[in-house]
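Novice: These are the residues of each chain, in order.
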Amino acid sequence: MSVLVAVLLGFVVAVFAPWISRLLKDSAGWALAIVPAGLFAYFASFLPLIASGETFRESTPWVPYINIHFSFYIDGLSLLFALIISGIGTFIVIYGGGYLKGDRDIARFYLSLLMFMGSMLGVVLSDNLLTLFIFWELTSFTSYLLIGYYHEKAASRRAALQALLVTGTGGLAMLGGVILMALAGGSMEITELVNEADVIREHGFYIAILILVCAGAFTKSAQFPFHYWLPAAMEAPTPVSAYLHSATMVKAGVYLLARFNPILGGTDWWLWLVTGFGAVTMVVSAWLALSFTDMKRVLAYSTVMALGTLVMLIGMGHPYAMQAMVVFLLGHSLYKGALFMMAGSVDHEAGTRDVLLLGGLRKVMPYTFAFGTIAALSMAGIPLFLGFIGKELVYEAALGFSPAPVLIIIAAVLANIALVASSGIVIIRPFFGEFKETPKHVHEAPVSMWIGPAVLGVLSLVFGFLPFLLSDYIMVPAASAVAGVPLEFYLAIWHGINLPLILSVVTLLGGILVYKAWDNLRGSVMPGYKTAFATLPEAAYDFSLNSMLSVAYWQTLLFQSGNLRYYVMTIVGFTVLLVGYPLVSKAGIYIPVDWSDIHFYEWLLAGLMIAGVLAAATARSGLIAVISLGVVGYSIALIYLLFSAPDLAITQMLVETLTVILVALVLIKLPGVPREPSPVGRARNIVIAVSAGLMVTLTLFAAFTVPFDPFMAGYFTENSYVIAHGRNIVNVILVDFRALDTLGEITVLAVAGVGIFALIKLHNAVKQAKEEGKI
Amino acid sequence: MEPLLAIVVGVLFSTAIYLMMQRNLIRIVIGVIILSNAVNLLIFTLGRLTRASAPLIPYGQNVPLEDIANPLPQALVLTAIVIGFGLFAFALVLTYRTYKEIGTKPVKEG
Amino acid sequence: MDHLLTLPVIIPLLTGALGFLFYKNGTAQRWIGLAGTVALLIASILLLVDVWSNGIQAEQFGNWPAPFGISFVADLLSSIMITISGVMGFVVAVYAVADIDKTREKFGFYPLYHILLMGINGTFLTGDIFNMYVWFEVMLISSFVLLALGNSKAQLDGAVKYVIINLVGSAIFLMGIGFLYGLTGTLNMAELSVRLNEVDNAGLVTTVSMFFMVSFGIKAAVFPLFFWLPASYHTPPVAISAIFAGMLTKVGVYTLIRAFTLLFTQEVAYTHHIILWISGLTMLIGVLGAAAQSEVRRILSFHIISQIGYMIMGLALYTPLALIGSVFYIVHHIIVKTNLFLVGGLARKLTGSYELKKMGGLYRYYPWLTLIYAALEIDSYWIAGVALLVGLLTLFSMTKIWMAAFWTPLPGYENDTTGAGFNKISRRDMFLLVFPIVTLATLTIIIGLYPEPFYELSLKAAEDLLDPTNYINAVLGK
Amino acid sequence: MMKSLILETATKLLFPLLLMFSIFLFLRGHNDPGGGFIGGLVGAAAFALFAISSGTDKARKLLRINPTFMIGLGLFFAILSGVISVMAGTPFLTGQWAFPVVFGADLSLGSPILFDIGVYLVVVGFTLAVIFSLEEEG
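These protein sequences, in sequence, are chains A, B, C and D.
The opening residue of the first sequence carries number 1 in our numbering; numbering runs sequentially from there.
The opening residue of the second sequence carries number 776 in our numbering; numbering runs sequentially from there.
The opening residue of the third sequence carries number 886 in our numbering; numbering runs sequentially from there.
The opening residue of the fourth sequence carries number 1364 in our numbering; numbering runs sequentially from there.
Honestly, I wouldn't trust all of these hints.
[What the hints assert, rightly or not] According to the in silico footprint, chain B covers these stretches of chain C (three or more CB under 8 Å from chain B): (1) 908-918; (2) 1030-1036; (3) 1063-1071; (4) 1096-1104.
In case anyone wonders, no lab produced these hints; they're calculated from the structure.
Don't be surprised by glycine CBs; every beta carbon is placed ideally from N, CA and C.
Just need the whole structure built from these sequences, with the hints factored in.
Specialist: As structure tokens, then:
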């Protein structure tokens, strides 16, 4: 099995998911879980290879012309992500089957979820920038479907749209970034770009690349101030939140930064931009979590905190930070996945997930409680859990951050204090204390819904106890991949009594204090804090969306006013500009001087034509307009006759007669011909009209200065009788030399005839049909 | 003669445009007629004018004996007149129908 | 075969003529019409194959040597356009069987439709600038009639604007032709390409080229000449909108490309720079317009405008890669946009409206339609995404349709679980409506997953455009 | 339709004259000013006059065929003239000529003439379709 097959497997099975779901009913979740489980096993088989320091790459051409290939690359980083995605995915599918049991749209849940999983795998495994982008965007779309799962609720739709627009904007920015990166580095493959890192960092595009790529990563990974979409996306069913917002989608941005670190990292820009955003996000959102009582929101903001931490670590750039990053990443994925599932189970069984309405559930939901607690302890960073090791490493990394160690360490401790308090909120409140009556009659969730928290929770514990299980196989290669150079380290539970340990104790104590004071905090500072950091950014989103719409409405009213005369005005005005400018500046103005060859009656005829059109334009009565029109038409016919075009003259005469008859026929049936009412409007029209006429006349004057070569006429004259057997050359041109024109011409007449017939007759036919009730 | 006709074409074009920028549909249609005349005259003029004889080959000859007018623009204008007439007739009837159905009030599009 | 170049105009003309002979007999017209589209499809594919394997083809009508008679020329761009018009002609005709009511059928829908195709194909093939005007008019008059056919108020209002603006466009075009003839004494485009470079006053040639920029720009619906499009495209039955949406503006784009690669390359720095500005503004104004709309076909209409901007951007940049992009995008856009109109039409048939407020529920009850729409949405968004803001706005307005028509429950049936709110469509009609949609969606997916052959076609087409020597030699027989 | 005795009488006289004149104009068109378009317009004028004086019902009866049918027929003839050239192995719309002598008169018969007949028919059909519909609209 190749990696390509592994990535596409999710998509393929997704297509069949609806049938499988219908066929197997409630056990479909268990059956479909085989897919991610199998993928997990497949990726796990790469562990020995990766552990030995090797990497794996495969490439299948897709559009070789523009260097798009399905090329996949497995190193420590991508393998870590692939294992998280498929591993947690397994339990999410099972959990979803239980959570959404009997839901009418469950088939679509499987479909979107499996596609999402495939897209995520594509993101983390792609070596080609464009396929990476495509998978990246597919995660946006599939997550849109997943977030909007309860699509009949307006709030769900809004949240889904918000997530799509925010991550979509970022995605497009990222596309710009990767294209520039490919241009700067001369390749589409990340593995090749790593070798060109110096070139890219020196390149004029560097700042643009950095900003665009960060825009993509920050929006996807919900960095402040783009974080608002993530908590809002808690409208999604819990399995979705558990998957997207703990372990996968939001970590795509983190992945991207980690992946690009060897290419873009190491500069001051990178350092301050990435670390800065990460640190701010970490602190701000950690405390935001405390302003909510909805378990999922609390978890969502603590997720944003974790994302901030990860981004901050990537920005720091030194080996400790990389080490901390990968360990914290895994630790967070495990405990957050479990906690989300736990929150969902509570919600599912109790009918609410507001911690103030819950209490004493530990007896009725023992399994959920037990495994949830393990996960929460890991989140709180209690020793013996993986979360503890992660936190210790974060502190160590912060201490080692030479530019501003104190600032960062204070930020990290502050954030982690809030995290400890959050752990308390989601566990102690609902499960301890007195049992409270809830909307639903509570009992333990089915096995499908606690198996996931069980496995993930236990893993947090196992890895916490035996961290060396991780370090060699995956953590060292992963951290090395992020750093871009081989790293060596060893994970241990006990580092001795050092500064990080002391900080951990401080954190824990601080967390407990904050938890105790939570009810007071909620009543005092939290509302203001929430307004500043959660409500305002979202209001900014609404504001920018609304202003964009206002601009759209305004410009549509301006351009698409519905008034034909404005349309004509714009078009003519534009033409005058477009033609007039090169005419004056390039072609030149030529005023003819020789007027001597014009006969007296020709002057008269010209005068007649001009008088005629002016009369037609100013006439108040339709009749005068028609008569003036006739005068102009016949004068033109005379011109044709004077200059040796008898066929033309006759045709013009006949057509003019018919025209006048038709206009008269119609005019009888219509009201008069009022003029433009406002004098200003009239003046404006005159200016436009006169400049249009001037443009034509001047262009004509210029054209007459170019000598004319009538070579075509010569050919027609010679062959008209000899080959085409006709003495009337004009007629021969019409029916022979250029018969195709005439064929088109009679087609126009044919259609016009049928069209006019239909315009008048179909009207009556439709009316009749309507009366008979046929339409 | 060409310069004079160039001026006439300019005036015809101006007037046509002026009429087409008005509210009244019948005026617009009159504008269409003048516009088509202006363009035809323009093509005719650009083929250069001559007072020589019409582009006909006398009986008994294979080619004309004297200078003749350029037949090509004549043929083009003839085609254009006919096409213009077909389009105008349709526009006229369309206008008429529109008048009957909705009058002159513009329909909002935005 | 020698007459492959003639067939794309003669088949529809013959079909149209036969249709007129059976005027008022809707059934006969329909069968003749459908047979005609099949023949046209086959002929157009043969033409593409011929040009692909044998290079640029030219045919001299009436056996008069170029530049004296009228030439038809098929280079790759032309034959690609012809083929795509053959495909669209066929699928939309099938859709029309279920979409066009009996009255419109009786009053000549199919013959008119064919003559529209004839005009379109003629424009793509002709190598004579005046002849191009004639095809333009053939196309115009049949689109006028198709647009007004049915005489609803909205149709008439849209048609008046469409007709008047296009008449102005035609007049400007004809003036341009007059000037070209006055400057060079010829109408043959290959000959013009040579002779225009010999005109002493290059500035005058540039001046004259602006007449073409305006008239083709009107046809292509670029900023600020696009008004007729949003004013009219949402008014006729959707089969008509669909073929308009797919093909008509692209004729304008084609002629712009042809004119500004073959004829007017004297002052590229000036002319193509103007095109660049126009294309940028067109891209932006189009999507902004779409964002302000709340009716499916209006949204899609404004998207067309925006996407025209992309197509002529390639012409403006005037590099091989940019032109490849243009050609590829034109093909892609025609297929996707036509299909979106067809999908919109089906949604309308099911929900009873094009107004977003009144639509809903399709996600739950018509999953396959959902799937197709989703694919088309992603597709449009990705292609538009090259320009960040425009891509985002495209996504926004496409998603607006999705939110309203697919996700929101059908108004008035919020609590219904049986799908009772939808209109019933007979099995026969459903098949006729779905077949074209699925066909085009399949094509889109093929292009998406296996773009290589299309890329290669675009590549060769772009090469020919940048170096017109082959074109000129094929016509003038040098 | 205008009820007027003078008009009706005049039309009865004019109608055949106009019709003959129209055919005359058509026939001379290849060698002298005239041709399908001019001839067609004059022919249409004859029927139009008839329709205005005696009503469209009578005019339609006199014409026997529908204007739309006439249009289709005209297009058909025009295409036919092109197809003849194709069958002769030349490009579409290449003139094919024959010069038979019938009753001592030299006739030049060519596909361009057939083409011009098509033009004539379309022009008559078009004009009549317009005039009849407008007249019948009332």
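Novice: None of the hints should be skipped; say for each whether it holds.
Specialist: Hint check:
1. Coverage of a stretch by a chain is defined here by at least three residues with a beta carbon nearer than 8 Å to that chain's beta carbons; for the region 908-918 of chain C and chain B the count is 0, and the condition is violated.
2. With 3 residues having a Cβ less than 8 Å from any Cβ of chain B, the region 1030-1036 of chain C passes the three-residue criterion, so the hint holds.
3. Coverage of the region 1063-1071 of chain C by chain B holds in this model, with 4 residues showing a Cβ closer than 8 Å to a Cβ of that chain against a need of three.
4. Remark: the region 1096-1104 of chain C is not confirmed as covered by chain B, as 0 of its residues place a Cβ nearer than 8 Å to a Cβ of that chain, below the required three.
In summary, the structure is inconsistent with hints 1, 4 from the numbered list given earlier, while agreeing with the others.
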